[in-house]
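Protein chains: 2
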Amino acid sequence: MKIAIMGYGVVGSGVGEIISSSQESLKKRCGEEIEIVSILDLRDFPDSSFKCFTKDFNDILSNDEIGLVVEVMGGTKPAYEFTKQLLLAGKHVVTSNKELVAKHGTELLKIAREKNINYLFEASVGGGIPIIRPLYSSLVSNELTDIIGILNGTTNYILTQMIKEGASFEEALAGAQANGYAEKDPTADVEGYDTCRKIAILTSLAFGKYVNSEDIETEGITSITLEDVEYAAEFGGVIKLVGMSKRVENGAFARVCPVILKKDHPLAGIDDVFNGILVKGEALGDVMFYGRGAGSLPTASAVVSDVIDIVKHKDTHIILGWTDGEEGYLKDPDEQSFRYYVRLCGSSDSASMCREGFNVITLDGEKYANEFAVFTPEMTGKEFNEFKRTELAGYDIRGCIRLVTE
Amino acid sequence: MKIAIMGYGVVGSGVGEIISSSQESLKKRCGEEIEIVSILDLRDFPDSSFKCFTKDFNDILSNDEIGLVVEVMGGTKPAYEFTKQLLLAGKHVVTSNKELVAKHGTELLKIAREKNINYLFEASVGGGIPIIRPLYSSLVSNELTDIIGILNGTTNYILTQMIKEGASFEEALAGAQANGYAEKDPTADVEGYDTCRKIAILTSLAFGKYVNSEDIETEGITSITLEDVEYAAEFGGVIKLVGMSKRVENGAFARVCPVILKKDHPLAGIDDVFNGILVKGEALGDVMFYGRGAGSLPTASAVVSDVIDIVKHKDTHIILGWTDGEEGYLKDPDEQSFRYYVRLCGSSDSASMCREGFNVITLDGEKYANEFAVFTPEMTGKEFNEFKRTELAGYDIRGCIRLVTE
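For the protein sequence lines, the chains are X and L, in the order given. Numbering-wise, our numbering puts 379 at position 379 of the first sequence, and it's gapless, one number per residue. Numbering-wise, our numbering puts 88 at position 88 of the second sequence, and it's gapless, one number per residue.
Just to be clear, a hint being listed does not mean it is correct.
For each label pair, taking beta carbons as the anchor points, the in silico distance ranges come out as [stated by the list, open to error]:
{"id": "1", "chain 1": "L", "residue 1": "233", "chain 2": "X", "residue 2": "51", "range": "57 to 63 Å"}
{"id": "2", "chain 1": "L", "residue 1": "383", "chain 2": "X", "residue 2": "337", "range": "41 to 47 Å"}
{"id": "3", "chain 1": "X", "residue 1": "33", "chain 2": "L", "residue 2": "393", "range": "56 to 62 Å"}
{"id": "4", "chain 1": "X", "residue 1": "33", "chain 2": "L", "residue 2": "215", "range": "45 to 51 Å"}
{"id": "5", "chain 1": "L", "residue 1": "354", "chain 2": "X", "residue 2": "379", "range": "58 to 64 Å"}
{"id": "6", "chain 1": "X", "residue 1": "33", "chain 2": "L", "residue 2": "62", "range": "40 to 46 Å"}
{"id": "7", "chain 1": "X", "residue 1": "187", "chain 2": "L", "residue 2": "187", "range": "47 to 53 Å"}
{"id": "8", "chain 1": "L", "residue 1": "377", "chain 2": "X", "residue 2": "164", "range": "28 to 34 Å"}
{"id": "9", "chain 1": "X", "residue 1": "272", "chain 2": "L", "residue 2": "187", "range": "39 to 45 Å"}
{"id": "10", "chain 1": "X", "residue 1": "56", "chain 2": "L", "residue 2": "378", "range": "54 to 60 Å"}
Stretches of chain X that chain L covers, calculated by requiring three or more beta carbons in the stretch to come under 8 Å of a beta carbon on chain L [stated by the list, open to error]:
{"id": "11", "stretch": "11 to 23"}
{"id": "12", "stretch": "121 to 133"}
{"id": "13", "stretch": "154 to 163"}
Hints listed in this document are in silico derivations from the structure and should not be mistaken for laboratory results. Backbone N, C-alpha and C fix where the C-beta goes; we use that ideal spot for every residue, glycine too.
Pulled out of the complex, with its shape left as it was, chain X reads as follows (with noise of 0.2 Å):
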């Protein structure tokens, strides 16, 4: 089999470097030898072991030697117009790209299946974490009804230089980009865009139907504040960024926000820059996958993982289960219910929350002294604001994070 990798970045040359060096094994595993035959990249690398280089799609697109091809270019221009072409030409497409399986996911799956190829994109989500593929195989019996996952491995290491060394958000986010786990713009990151991308795939995967991730509501973690850490941490929980998804009748909720995760929560204790995976089935009770989210070789494995299936299985398109998305289909996220962790300010004291399902955290020390936490009963998006809106009016609310029960 003869492939061609688009994008020769950390993933790229990841793919290339496990591909080069496992030819015996990958011979074994696939019943053929894989050859890199054409890398497009518009940079030089005149250093590289590869002498296929080029800066010309074409190459790749009209070379009918090529059956399948790599994209870890990233975004959506040019590669969404790449893959469709190449699609549509009858190659299999490998990706890594988030953002192009979450944008266009759908359109392009369906070309795969009218062409019987194969769209494949374990790389997209939980770097090494095989997570994807028992999505649509393995986990295919249960009708799946939750997902909550730790999806960004730089939030996650921010979140826990914050609890565990009480960095302040700004120090931690200092910290991650001076060991290269952020970017120097981390928007995309902390403003859980990454996550909001992810959970749209895996939801659109586990559940059988596209969800758009521009209509995930999405909350990142620039707010959090050292004071939420130590509330949390009183009330016996961790702040962890997630990405969730619970199906309902008719449809689904999801949703990227912080939450308060209890200590005995299965992803309370997923630290520094791992991911971790909770799928809840009828039948299949919890299921948790857990490793390392990023990384350019643990990435390209997964990249790779996906070019075997395919080798493997040449003429067999795989069905994936993810069909056309349906207006009305993702619900109105106001409408789930969670309890509330809100701290508060004011002159009023917290006398009048000591009531049944509340709990109120106080905490020592002179920062501390104007202050206190309540924590909510469940209740829906509607009903909390009403809350806000009546009980809480005499306060100052300095913070507000939602709490994960089960």
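Please build the complex by placing chain L on the supplied structure of chain X, with the hints as guidance.
Same frame as chain X, but now just chain L:
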């Protein structure tokens, strides 16, 4: 697709329940209906909604309409003969029978390959946790190097009771039996045989070469005491029964034994009847799978996932990469290095053990008055035996457990 079920116990009836209750979603996922047309069991089930019971295996074997058989009888007699005949007759077989896969997997997989059909066994390890399929699909691009897993829920429940509740082994076992987590005859669980079959299957798949479970050195948890639990806790660890294997040059190590894991090890927090499997690969880093390792519905859901996989790709033989075993492939377990915990009683004191690489722990309380524990540096089994023969000659050895440090 018309299918048969052999064995209508907890798993078999779970398979029947899932398939009959999810007809519509199965049809959507597979592209065709799945119909149970025959169930083999020697018992009568007059109250069952299924009316297709038979006591005669030939009813299934000779029924040309049946394309796939679910074997959930357990044991090797008559499951081995039945499975072989079905595969030779060109029928796909899906099983949860770890004993049969561990013993005759190589032969049965070869027949399936020759007949261009499938013999799949996702349910044989880890209940509903998808671990088998990732090993032959998602993780194939990795040169996997290590597997370590808590693979038996019964023993994990017993050890958790000892660690968290201070129950003795006997009390915890009785509790497990009362809760239905342990059989009346718990030998296969507590002596590690069940774990042994599972690590044999995982190792055969992950490293690509058949490993006979009978060649794996296996030690259970019957000699673990509350004193061992205490010393481990003081050292910052917990005792878990694991199956583990490690790829080395031209072969592999494999072993089942109780080990002490430091509390920050990913498997250390896996408690009660849960299973967890940690897989390491060169490119991949660590990936962990976690979930309920047994139970009627989780296990049945894993069986059904294999059924679906076959129905979706009926004419494809799925390549597992499990090849014949090889003389000398499994290395002498005494050549693998571990740190050791040893609980010692004797007239001389612990001073001689207080040296580089050793940890000595003494506990308060009268019952610990004449004893102490030493944690050795890494040594091979041979070196450890020599250490016992020379330096520990003057002591009564009351407990001995390996440490897993990475």
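Quick rundown of the hints versus the structure:
The supplied range of 57 to 63 Å is met by residue 233 of chain L and residue 51 of chain X, whose beta-carbon atoms lie about 59 Å from each other. About 60 Å separates the C-beta atoms of residue 383 of chain L and residue 337 of chain X, a value inconsistent with the hinted range of 41 to 47 Å. Roughly 59 Å separates the CB atoms of residue 33 of chain X and residue 393 of chain L, a value that falls within the hinted 56 to 62 Å. Between residue 33 of chain X and residue 215 of chain L the Cβ separation comes to about 34 Å, which falls outside the hinted range of 45 to 51 Å.
The hinted window of 58 to 64 Å between residue 354 of chain L and residue 379 of chain X holds, with their beta carbons roughly 59 Å apart. Distance hint check for residue 33 of chain X and residue 62 of chain L: the Cβ-Cβ separation is about 43 Å, which falls inside the suggested range of 40 to 46 Å. Between residue 187 of chain X and residue 187 of chain L the beta carbon distance is about 59 Å. The supplied range of 47 to 53 Å is therefore violated. At roughly 30 Å, the beta carbons of residue 377 of chain L and residue 164 of chain X sit within the given window of 28 to 34 Å.
Our hint of 39 to 45 Å for residue 272 of chain X and residue 187 of chain L holds, since their Cβ atoms are close to 41 Å apart. In this structure, residue 56 of chain X and residue 378 of chain L meet the distance hint of 54 to 60 Å, their C-beta atoms being roughly 55 Å apart. Given as covered by chain L, the stretch 11 to 23 of chain X passes the check, having 3 residues with a CB less than 8 Å from a CB of that chain where 3 are the minimum. Under a criterion of three residues with beta carbons nearer than 8 Å to beta carbons of chain L, the stated coverage of the stretch 121 to 133 of chain X is upheld, 5 such residues being counted.
Counting residues of the stretch 154 to 163 of chain X whose CB falls under 8 Å from any CB of chain L gives 0; the rule of at least 3 is not met.
Violated hints for the displayed structure, listed by number in ascending order: 2, 4, 7 and 13.
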